[in-house]
Amino acid sequence: MSTELTDLGIAQIRDGFRAGDFTAREVAEAFNEAVAGAKMLNAFIVETPEHALAAADAADQERAAGDVRPLSGVPLGIKDLFCTEGVQTTAASHILEGFVPTYESTVSERLFLAGAGMLGKLNMDQFAMGSSNETSHFGNVISPWRRNDGGNAALTPGGSSGGSSAAVAARLAPGVTGTDTGGSIRQPAAFTGISGIKPTYGRCSRWGVVAFASSLDQAGAMARDVKDCAIMLEAMAGFDPKDATSLDLPVPEWEANLSSDLKGKTIGIPREYRVDDMPREIDALWERGIEMVKDAGANVIEVSLPHTKYALPAYYIIAPAEASSNLARYDGVRYGLRDLPEGANLQDMYAATRADGFGAEVKRRILIGTYVLSAGFYDAYYTKAQKVRALIVRDFSRAFETCDLLLTPTAPSAAFALGEKSDDPLAMYLNDVFTVPSSLAGLPAMSVPGGLDQSGLPLGLQLIGRPLDEQGVLNAALAIEERAGFVMRPQIWW
Amino acid sequence: MSVDTNTVRKIASLARIAVTDGEVEAMTGELNNILTWVEQLGEVDTDGVEPLAAVIPNELRLRDDVITDGDIRDKVLANAPQAEHGFFTVPKVIE
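Chains L and P supply the protein sequences, listed in that same order.
In terms of this note's numbering, the first sequence is numbered consecutively and its last residue is 494.
In terms of this note's numbering, the second sequence is numbered consecutively and its last residue is 1095.
Keep in mind the hints are simulated off the structure, nothing from the lab.
You may find that some hints are simply not true.
Cross-link-like lysine-lysine pairs, in silico, DSSO-like; alpha carbons within 27 Å at most [unchecked claim]:
| no. | chain 1 | residue 1 | chain 2 | residue 2 |
| --- | --- | --- | --- | --- |
| 1 | P | Lys-1092 | P | Lys-1075 |
| 2 | L | Lys-309 | L | Lys-363 |
| 3 | L | Lys-363 | P | Lys-1010 |
| 4 | P | Lys-1092 | P | Lys-1010 |
| 5 | P | Lys-1075 | L | Lys-242 |
| 6 | L | Lys-294 | L | Lys-263 |
Turn these sequences into a full structure, and let the hints steer you where they fit.
In structure tokens:
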């Protein structure tokens, strides 16, 4: 029974539970068992089987009383960037090791109020800074996928939401939360053959989400298919007065309005995304994606986003600048780690705590951010980057005058091996070349599986929409999903 | 613009991160690589462009001007490495 239940997605679990095909407890037990049996993947930092069971028991009782909630019976994984009341939340850092929030993030609270249970806290890149899940204080997450060359090279599940993507791909959770600052939902989704959506900036509350770069951070949903993402996102999104940038708008009925009929839609192909050294397979995937949306009735045109090449360098000024400011709060005084060397004064304590508590990539970004914000350099770096960002936003606005959506590859390659890029920060940053521009513009964007490369690894296609047009993004992704026929899954080796 | 080891030490000090000599050496190279790379932004003509303030237009909401400390002192202190008498405590600041 248990293997069958973990094969189900969110919609199937929800509907089967309502129909009485199985109990919520059976579902929770099956996923708890899958989580407990997959420690080799290192996808979870903390497992919370009792939370999943408690929510399941409540769901079973409610159903007996004839009452169900939107996510009753569905257990989920929660990225460790979301504060969870009474459950350790570390952002995969040492400096927050042992931090047990006394409050619940708005997004996780909404999911729990909708009836969902929590399987555990998912591993990630430390403070969401990374594209391979190799910066976690709690060790690398290993992708459940392997190349078909017979080798056992450990591959990255992508990052920063690497525990999230690995958990869904390995059938340890039917759906998970992710967060996306420059591609941290979409790139891991692409690397593991799952779907993931980052909504418009402001759709999901940032309250209780450990801050990285506040003008970019946005929570989203990751699941096995487009419909499951729509269901989850509906439960996560919505106005929250506790987040100053939360959008005071009703949450659309994304699931009910799903339609893969793209007649009347125009999809733009940004020519600047054809980067020089793009692998042939990525180009071929993109071509197949274009054929799929045409087949669904869309009109396809070429568009131009002239400032695309400047998005990454602008991002690597803006994101570290905001991070250096946000991470100033980790001082060894209010929460988390305190390192107090013998005879140390307050300043020594700050410096020792932060030296010990932050990993190398986090320190690198704090130092870059501190430098670009420092006296005399602020205008040359930060103001310049925010001007370039305005031009990137303008590029998108102009493109959306002639098209409704954009279609691009999600990442410039399939998943790479752990260790392959970890010595070269710049090579790692370039992984986000296709996802960063839409993050800088706050646009809704989604990755959907498009096929496999020659090594048998998943590749993703990205849809980018106008502000607030999650529906358009989901619908085009659904059209691709129906045509790509992506049913591949990793063989269980763990 | 490039940074030297003294600049890296100064930035690390501003960021309140203790660094070893070895780390300063390594970070100087890494930071210079990254800073050289971001300097390509200089190619972009941004004359007359306003720096971006908000990606999605949104009105800043105001709350009532009342004192609200949440009345959750113990919750606020619950994760403190050291708290006494309802306060965070730190090493002696004044010698």
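Hint check:
1. Lys-1092/P / Lys-1075/P: Roughly 25 Å between the alpha carbons, so the hint for Lys-1092/P and Lys-1075/P holds.
2. Lys-309/L / Lys-363/L: holds (26 Å)
3. Lys-363/L / Lys-1010/P: holds (14 Å)
4. Lys-1092/P / Lys-1010/P: holds (24 Å)
5. Lys-1075/P / Lys-242/L: Cα-Cα ~18 Å, so holds.
6. Lys-294/L / Lys-263/L: holds (9 Å)
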